[in-house]
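Taken in sequence, the protein lines are chains A and B.
Using this note's numbering, read the first sequence as starting at 1 and increasing by one per residue.
Using this note's numbering, read the second sequence as starting at 1 and increasing by one per residue.
It is possible that some hints are incorrect.
[Said to hold, decoys possible] Partial list, computed: chain A residues near chain B (C-beta under 7 Å):
hint : residue
1    : P160
2    : E163
3    : D166
4    : F169
5    : V185
[What the hints assert, rightly or not] Here's a subset of chain B near chain A, in silico, CB distances under 10 Å, partners left out:
hint : residue
6    : F316
7    : K319
8    : V322
9    : V323
10   : D340
11   : R346
12   : A460
13   : E461
14   : V465
15   : A466
Calculated directly from the structure, the hints in this document are not laboratory data.
Here the structure is a predicted model, which is why all the values come from computation and not from measurement.
Even glycine gets a Cβ: it sits at the ideal position worked out from N, Cα and C.
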Amino acid sequence: MKKLGYFPGCSLMVTNRAYSISACNVARQLGIELSELSDWNCCGATAYLSLSEAKAFVMSARNLAIAESEGHDTLVAACSGCYVVLRKTGKYLDEKPQVRAQVNAALAAGDMSYKRTVKVRHLLDVMVNDCGEEAVKGCVKKPLQGLKVAAYYGCQVGRPFGEADDPEFPVTMDRLLGWLGATPVEFPVRATCCGGLTMTTEPELGMEMSGRILRVAREQGADCIATACPLCQINLEAYQDRIGRRLGADVRIPVVYFTQLMGRAFGLSSQEVMAGDSLTDVSAVLA
Amino acid sequence: MSTNERIGVYICHCGSNIAQTVDCAALTEYAKTLPGVVVAKEYKYMCSDPGQDLIKKDVAENKLTRVVVSSCSPLMHEETFRTAVEDAGLNRFLFQMSNIREQVSWVHKDKVRATEKAKKLLRAAANRVLHQRPLERREVPVTPEVLVVGGGIAGIEAALRLADAGKKVHLVEKEPTIGGHMARFDKTFPTLDCAACILTPKMVSVGQHRNINLMVCSEVEEISGYTGSFKVKIRRKATCVDNASCVGCGVCWEKCPAKKIPSEFEEGLANRTAIYIPFPQAVPKRPVIDRDNCIYFKTGKCKVCEKFCDCKAIDFEQKDEVVEITVGAVIAATGFETLDPRTLPRYGYGRFDNVLSPLEFERLTNASGPTAGKVLLKDGSVPKSVAILHCIGSRDEKHLKHCSRVCCMYSLKFAHLVEEKTHAEITNFYIDIRAFGKGYEEFYHRLLKEGVTFVRGKAAEVTNVAEAPEEKGKLIVVAEDTLLGKVRRVPVDMVVLSTGLKARSDAGHMAHVLGISRSADGFFLERHPKLGPVDTPTEGIYLAGACQGPKDIPDSVAQGAAAAACALSLIDRTRVVLEPVTAEIDEKLCAGCKLCIANCPYSAIEFDETRKVSVVTEALCKGCGTCVATCPSGAARQKNFEDAQISSEIVGILASM
Chain A
1 MKKLGYFPGC SLMVTNRAYS ISACNVARQL GIELSELSDW NCCGATAYLS
51 LSEAKAFVMS ARNLAIAESE GHDTLVAACS GCYVVLRKTG KYLDEKPQVR
101 AQVNAALAAG DMSYKRTVKV RHLLDVMVND CGEEAVKGCV KKPLQGLKVA
151 AYYGCQVGRP FGEADDPEFP VTMDRLLGWL GATPVEFPVR ATCCGGLTMT
201 TEPELGMEMS GRILRVAREQ GADCIATACP LCQINLEAYQ DRIGRRLGAD
251 VRIPVVYFTQ LMGRAFGLSS QEVMAGDSLT DVSAVLA
Chain B
1 MSTNERIGVY ICHCGSNIAQ TVDCAALTEY AKTLPGVVVA KEYKYMCSDP
51 GQDLIKKDVA ENKLTRVVVS SCSPLMHEET FRTAVEDAGL NRFLFQMSNI
101 REQVSWVHKD KVRATEKAKK LLRAAANRVL HQRPLERREV PVTPEVLVVG
151 GGIAGIEAAL RLADAGKKVH LVEKEPTIGG HMARFDKTFP TLDCAACILT
201 PKMVSVGQHR NINLMVCSEV EEISGYTGSF KVKIRRKATC VDNASCVGCG
251 VCWEKCPAKK IPSEFEEGLA NRTAIYIPFP QAVPKRPVID RDNCIYFKTG
301 KCKVCEKFCD CKAIDFEQKD EVVEITVGAV IAATGFETLD PRTLPRYGYG
351 RFDNVLSPLE FERLTNASGP TAGKVLLKDG SVPKSVAILH CIGSRDEKHL
401 KHCSRVCCMY SLKFAHLVEE KTHAEITNFY IDIRAFGKGY EEFYHRLLKE
451 GVTFVRGKAA EVTNVAEAPE EKGKLIVVAE DTLLGKVRRV PVDMVVLSTG
501 LKARSDAGHM AHVLGISRSA DGFFLERHPK LGPVDTPTEG IYLAGACQGP
551 KDIPDSVAQG AAAAACALSL IDRTRVVLEP VTAEIDEKLC AGCKLCIANC
601 PYSAIEFDET RKVSVVTEAL CKGCGTCVAT CPSGAARQKN FEDAQISSEI
651 VGILASM
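Can you build the whole structure from these sequences, using the hints too?
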């Protein structure tokens, strides 16, 4: 069993636990143990970064330091927000000696330091590029034959650096879905913002942005939307009725994590992929 | 170290290039403390005549025996100073240069530390020069023939100029015909004359010229030797057609039953047969068999072409042939590739039917193309609206950082052609319009008057997701209009992606074969960006056309002619001087183990059976140093790179101040 450092992040502990649990179960099938960091803390979150970069970097770097001390060279994040912040911290520490000195001085207070040996990766990247076609296909017991899926990546999987996928038009999840036997639909809004936190601060705008994604998925004939980020998932699944009323159209569609689809294709039970946590009717998709 | 040598040291300010970062006065004072230095001077421009005179005067008056100049890169002025030293009566190899511009002042800011570094580099040079020996240069005869690699417009121009001057030219082209990219264009900007009309006469001249040995379907595999006498190995690929017997009647490609092969020349918009000529005006007008798609080669049965060929020119057993020639100079005119629009999936190329690459559009609008010049959508209808997206992949940190120079103008040309042929509504999305050439800005203004719309803003994406009723069934171009400060969505029927020009994907391999370097953008590197635009650092190898960087037709032609002139000025000398930086083997130390012979990449070492020692053939030695590194007894020595010279230089850099 290959062991990779795993950073669940706050959402995946509670509201989006289905993502984390299905991810760990699916990874195990592929011979990977997602080993949760001990005593991890907030990733540093985008909001902190805009208020105090230094503090956010210290908070974020503490997680990298833990991963390093636990002997991990890779830290996997499933939440795209955590992924971007942890990566950004790693990149700044690599490239800016001043930030590095500042952060390590702060970490020293807790007898910690970070030597820059950890690479932050998104769960989707690991599943597609590390596990690969052969291994994934080898695990498929119940191919998702005939299931039309809109692969929704959100805005942060490829951005800003686009190392694992094209930043503007990512394709890795489509490939993965193909290996599972599903049919990815043409989905041009795959990397268009879901609205992010505007759903709580500017709900009209947020609903417009999420609404576009739901509408296009339906127009393209998708049976469901697959996501790779807890915030995208919530925005797309929790407000469908409200968005529908606002747009005057039915936008209901099942929204699931890509790991849940992997689990179903791998023959895991609906408990193992936490189908019961869904806010949309996923009975046809995760059955 | 005590020495009888008398060294003169000269520190160059290079205007303020060096002086503003290096304390030249302190450096000069420091120089005076170095062993053997009897004169140290600073001067504003050492490369100027007064600067050189300074050296000459001191050699005479102060009886200097060695000279060091601290200035720019040796690539810039080593030759200048060596000549000055020689004019002063010293051997030109009793000179050493230290680079305190590119390696110091241009890359450092802290004046104190930069000066320290300059001192160390100077000390290294002064140490080294004490160990240098006088060397004599040798003269070799020149072969008055030229190899031109690549038969696009630049290579054609170079070949014709040389051939017209009475020189023998070997023109090597990879494809079955010469003509390159230009042969596929419709009109040319800004004059709108037809590309074929101006190109094909030149192609015919190449085919008929008695001084041009045209080799198509051929590739240069190896170049060895040196300026004035390069040995070239060329692989002539089997075409299965005997060009001497074939008359180009066309029966074979008319009768060939394998007809559904996407034509490379037509960008896959039309089909060709397995035995084919790329286009009707191909030069030479001789067909080739595409073995991958030929029914006979796939199944062992067919040979229809052979049956119909009256000339008995078909030869299925034909094999590749490697020919060897000797030439005095080489011109690389290997051209470019256009960026594959699939690398930018957000613009929908390959996903949407009516998103076109620029070469596809050229063929579509070309009178001899797949639609006989009609601009049509995939369903055969005429577009009512067309968007042309500039700078696709160019000026883009993630793809091509450079401006591809030709895209603005070919985009304008496309706009004009669409307007003329369809009266469609045309929208150009651009970052800046770069209409820099003669008549280009005027052409842009002509387009403005023709009613073409220009939106200043790079297109973000092409989507088919309609947000409004008028967008249904259309391709929608999304862009920020930076003049309005608003995001615009423009629904259109057809999108042309003006992709940039990039170095050929085999440019690395070609650079290796030619023994030249490439710049960061992947294109071949010229000797000097301003003063040596067609030379390379390798003497006798010249560049022409877009292999050196994106270029339009006039610039490619100019460079082709310039490269021809450079080659001519080399081969018209009957002899050339070769640098004596070669290896030599000390017979007293040589044990006769022959390791050097086995390792020499140029077969320049022979074994003398009577004396039982290895001997370097100087004319063949390229001075690569492999034998020097290999020799277990230290008998092989590299002239001007001897152990004592290198180690004294290292000591100069590393010892404490």
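Do the hints match the structure? See the list:
no., hint, verdict
1, P160, "violated (10 Å)"
2, E163, "violated (11 Å)"
3, D166, "holds (6 Å)"
4, F169, "holds (4 Å)"
5, V185, "violated (12 Å)"
6, F316, "violated (40 Å)"
7, K319, "violated (40 Å)"
8, V322, "violated (41 Å)"
9, V323, "violated (45 Å)"
10, D340, "violated (13 Å)"
11, R346, "holds (4 Å)"
12, A460, "holds (8 Å)"
13, E461, "holds (7 Å)"
14, V465, "holds (5 Å)"
15, A466, "holds (9 Å)"
Hint compliance for this structure: hints 1, 2, 5, 6, 7, 8, 9 and 10 are broken, all remaining hints hold.
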